[in-house]
Amino acid sequence: MEFMEDKLESVMVVGLRGRMDSNTSRMVEERLITLIDGGESRMVVDCAQLDYISSAGLRVFLMAAKRVTQNKGKLVLSTLNNDIQQVFDLTGFSSIFHICPSREEAINTHQKGA
Amino acid sequence: MPETGSDIFIATIKNDLSEIERLSLIIEDFVESRNLSIKTAFEFNVALDEILTNVISYAYEDADQHLINIRGKLADGFLTIEVEDDGREFDPLKSDNPDLDSGLHERPIGGLGIHLVKKLTDQLEYRRQDGKNLLVMRKIANRQPVKTGSGKDNPVSDT
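The listed protein sequences correspond, in order, to chains A and B.
Going by our numbering, the first sequence opens with residue 1, and the numbers climb by one from there.
Going by our numbering, the second sequence opens with residue 1001, and the numbers climb by one from there.
A few of these clues could be false.
What the hints assert, rightly or not - Some chain B residues close to chain A (C-beta under 7 Å, calculated; not the full set): (1) L1023; (2) F1042; (3) E1061; (4) L1112; (5) G1113.
As the list claims (entries may be wrong) - Distance condition first, Cα-Cα at most 20 Å in a straight line; then the derived SDA-like pairs of lysine to any residue: (6) A:K74 - B:G1111; (7) A:K66 - B:G1111; (8) B:K1132 - B:D1091; (9) B:K1118 - A:D89; (10) B:K1119 - A:Y52; (11) A:K66 - B:E1106; (12) B:K1118 - A:K72; (13) A:K72 - B:H1105; (14) A:K66 - B:K1132; (15) B:K1039 - A:L90; (16) B:K1039 - A:M63; (17) A:K74 - B:L1104; (18) B:K1118 - A:L90; (19) B:K1119 - B:H1105; (20) B:K1039 - A:Q86; (21) A:K66 - B:K1119; (22) A:K72 - B:K1132; (23) A:K74 - B:I1109.
Please keep in mind that the hints were generated in silico from the structure rather than gathered at the bench.
Where a beta carbon is used, it is the ideal one built from N, C-alpha and C, also for glycine.
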């Protein structure tokens, strides 16, 4: 699992590369919690290079989104591939997450304060 | 092309979560080499991940190494994958349906794994036999869509 992080003004963009399975999702959990607890509240998780997700990965996204929201922030996901979108659809996660088709649109949702 | 026995694979993994990725490569290889759709590999891999995560995390009462057998078979238009473990008796099909409707704040964390297994497979059977759990997962084996070379010129090397 690799992380590519970019801070664009006040928006923290975390690109994920690899697989979020029950073994590797823990790394993502630790990274996202570190960022959130370090004060990041406008977050984008770019999934363009995320190949795979199981329920362990969904759990991490849900936990991170709850935590950011508690801090009056927001977590937006972008660029899910078709396989990952399917997993989101089957679990109802598509309706609880703000998901954008591109990284730029996800960043813009923060800058417009929407 | 070998015919007999060529549409079977057998894999054995240890009760360690890092084995799930190794198994996923075996599944991908099998699916690709039989020209089945890549989507089939993805969906089976998620289902296997969920089942194996449960087994590895909860089935064993000791800290010993255990082996889990995975057997795959492509026949009669179905890809069938069996998972056999020697952990405590557990029928994953008896799990409750999760909450799929509540919003971000109310949504409980967890409980989605078996739901995904049910959604991503076409048929599921559980048996307890010889002191082992046997879960049989079956999916219709769709072929990889054939790429049409129409339209743009698709140069064939003439050298």
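Cross-check of the supplied hints:
For L1023 (chain B), the interface hint is violated, the least distance from its beta-carbon to any beta-carbon of chain A being 10 Å, above 7 Å. The closest approach between the C-beta of F1042 (chain B) and any C-beta of chain A is roughly 5 Å, which is under the 7 Å cut-off, so the hint is satisfied. Restraint check, E1061 (chain B) versus chain A: the minimum CB separation of about 20 Å is more than 7 Å; hint violated. Using the Cβ-Cβ criterion of 7 Å, the hint placing L1112 (chain B) at the interface with chain A is satisfied: the shortest such distance is roughly 4 Å.
Contact between G1113 (chain B) and chain A, as hinted, is supported at the beta carbon level, the nearest pair being about 4 Å apart and thus within 7 Å. Of the supplied pair hints, the one linking K74 (chain A) and G1111 (chain B) is violated, its CA atoms being roughly 24 Å apart against a limit of 20 Å. For a cut-off of 20 Å, the pair hint linking K66 (chain A) to G1111 (chain B) stands: about 17 Å separates their Cα positions. Restraint check: the Cα-Cα separation between K1132 (chain B) and D1091 (chain B) comes to about 11 Å, which is no more than 20 Å; the hinted pair holds.
In summary, the hint linking K1118 (chain B) to D89 (chain A) is supported, as the alpha carbons are separated by about 14 Å, within the 20 Å threshold. Between K1119 (chain B) and Y52 (chain A), the direct Cα distance comes to roughly 17 Å. Compliance with the 20 Å bound is thereby established for this hinted pair. Distance restraint check for K66 (chain A) and E1106 (chain B): the Cα-Cα separation of roughly 10 Å lies within the 20 Å cut-off, and the hinted pair is therefore satisfied. The straight-line distance between the Cα atoms of K1118 (chain B) and K72 (chain A) is roughly 36 Å, outside the 20 Å bound, and the hint therefore fails.
Using a Cα cut-off of 20 Å, the hinted pair K72 (chain A) and H1105 (chain B) holds, with the two alpha carbons roughly 13 Å apart. The straight-line distance between the Cα atoms of K66 (chain A) and K1132 (chain B) is roughly 39 Å, outside the 20 Å bound, and the hint therefore fails. This hinted pair checks out: K1039 (chain B) and L90 (chain A) have alpha carbons roughly 15 Å apart, not beyond 20 Å. Simply put, K1039 (chain B) and M63 (chain A) have alpha-carbon atoms about 28 Å apart, too far for the 20 Å limit, and the pair is violated.
Using a Cα cut-off of 20 Å, the hinted pair K74 (chain A) and L1104 (chain B) holds, with the two alpha carbons roughly 11 Å apart. Proximity of K1118 (chain B) to L90 (chain A) is assessed by CA-CA distance (about 10 Å); at most 20 Å being required, the pair is judged to hold. Proximity of K1119 (chain B) to H1105 (chain B) is assessed by CA-CA distance (about 24 Å); at most 20 Å being required, the pair is judged violated. For the proposed pair K1039 (chain B) and Q86 (chain A), the alpha carbon gap of about 10 Å is at most 20 Å, so the pair holds.
The hinted pair formed by K66 (chain A) and K1119 (chain B) fails the criterion: a straight-line CA distance of about 26 Å is larger than 20 Å. Distance check on the hinted pair: K72 (chain A) and K1132 (chain B) sit about 49 Å apart at the alpha-carbon level, beyond 20 Å; violated. With a C-alpha separation of about 18 Å, the suggested pairing of K74 (chain A) with I1109 (chain B) holds against the 20 Å cut-off.
This entry does not satisfy hints 1, 3, 6, 12, 14, 16, 19, 21 and 22, going by the numbered hints stated previously.
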